[in-house]
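S.K.: Each chain, written out:
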Amino acid sequence: MNNNSRANENGMSENGPEDCMKLLSKVLDNEANDDLKDQFLEHIKICMPCYQRYHLDMAIKQLLKTKCGNKKAPADLIQSIRTQTSPPPAQ
Amino acid sequence: MEKNYTIAEKHEIFNSEFLPFIGPMYNFAYRLTLNEDDSKDLVQDTYLKAFRFIGSFEKGTNAKAWLFRILKNSFINDFRKKSKEPPKLDYQEVETYYNSDDVDEKLTIDLRAETVQDMIGDEISNALNALDIDFRTVIILCDLEGFKYDEMAKILDVPIGTVRSRLHRARNLLKEKLADYARNMGYT
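Going line by line, the protein sequences match chains A and B.
Numbering of the first sequence is given in the numbering used here, commencing with residue 1 and proceeding in unit increments.
Numbering of the second sequence is given in the numbering used here, commencing with residue 1 and proceeding in unit increments.
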């Protein structure tokens, strides 16, 4: 569902499921403005496939963030970078 | 336009705008190389390059995206040439294959949010690591680091439409792998 498309009385995009997927991704990734977001959240109240898909995608996104995003940089790496970029000692 | 920073300004920018991102940078490098020593080399190379070319960075702008772009290019241009990684899959082929609607249909049947939330082991990490590098990269940038689509387009040097379609396919592939794990664990 792009900015030009309208929702019908069921909240479904007139352009079909493909547009729903685009809108779902925008909402999931915080790329949708408030209007589009509200439109989508209304739509998933009455559309089970979109509702399930949205919650599945959100669960995966959150799991990725918690499980795969926390690798700490080793202290020796930070030290090595600092040493190699530090200014030469003053004369 | 090239900036003429003084030595002191260069260090100030490097310390206050670049070094704070060393955690996400290392995580990105690790997810690309899947090896700790290689990640350290890649991050170090990237930071030294960033320092050398600091004149092309405008103070106060998006340092994280700038650094991620250098790291991604270093990985592709320098690192992968040295490594013995098999040649990249033909992207178009993958794109066409996974463009089919069948993938979407199968996924909605097989995998549920509750199942994913029950995954407490390494399944998600293994599924991510198993993705082809182009697909893995968009997931890292978007879901782990929270980059916006336009930032990702700049980091990857591709149009926003490509970012969107790559992300869509990457998520479908990830779900296929998670659905496999779920089946093997007896969740479905």
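Treat the hints with caution; some may be incorrect.
Calculated lysine-lysine pairs in the DSSO-like style (CA-CA distance at most 30 Å, straight line) [unchecked claim]:
{"hint": "1", "chain 1": "A", "residue 1": "Lys61", "chain 2": "B", "residue 2": "Lys10"}
{"hint": "2", "chain 1": "A", "residue 1": "Lys61", "chain 2": "B", "residue 2": "Lys72"}
{"hint": "3", "chain 1": "B", "residue 1": "Lys72", "chain 2": "B", "residue 2": "Lys59"}
{"hint": "4", "chain 1": "A", "residue 1": "Lys65", "chain 2": "B", "residue 2": "Lys3"}
{"hint": "5", "chain 1": "A", "residue 1": "Lys26", "chain 2": "A", "residue 2": "Lys61"}
{"hint": "6", "chain 1": "A", "residue 1": "Lys22", "chain 2": "A", "residue 2": "Lys72"}
{"hint": "7", "chain 1": "B", "residue 1": "Lys59", "chain 2": "A", "residue 2": "Lys22"}
{"hint": "8", "chain 1": "B", "residue 1": "Lys10", "chain 2": "A", "residue 2": "Lys26"}
Just so you know, these hints were derived from the structure itself, not from any lab.
S.K.: Hint by hint, note whether the structure agrees.
M.R.: Hint check:
Restraint check: the Cα-Cα separation between Lys61 (chain A) and Lys10 (chain B) comes to about 37 Å, which exceeds 30 Å; the hinted pair is violated. Among the hinted pairs, Lys61 (chain A) with Lys72 (chain B) is consistent with the structure: their alpha-carbon atoms are about 22 Å apart, no more than 30 Å. Restraint check: the Cα-Cα separation between Lys72 (chain B) and Lys59 (chain B) comes to about 21 Å, which is no more than 30 Å; the hinted pair holds. Only pairs whose Cα atoms come within 30 Å are accepted, and Lys65 (chain A) paired with Lys3 (chain B) is rejected, the gap being roughly 36 Å.
For the given pair, Lys26 (chain A) sits about 13 Å from Lys61 (chain A) by alpha-carbon distance, which is consistent with the 30 Å threshold. This hinted pair does not check out: Lys22 (chain A) and Lys72 (chain A) have alpha carbons roughly 34 Å apart, beyond 30 Å. Restraint check for Lys59 (chain B) and Lys22 (chain A): the C-alpha separation of about 35 Å exceeds 30 Å, so the hint is violated. In summary, the hint linking Lys10 (chain B) to Lys26 (chain A) is not supported, as the alpha carbons are separated by about 37 Å, beyond the 30 Å threshold.
Hint compliance for this structure: hints 1, 4, 6, 7 and 8 are not met, and every other hint is.
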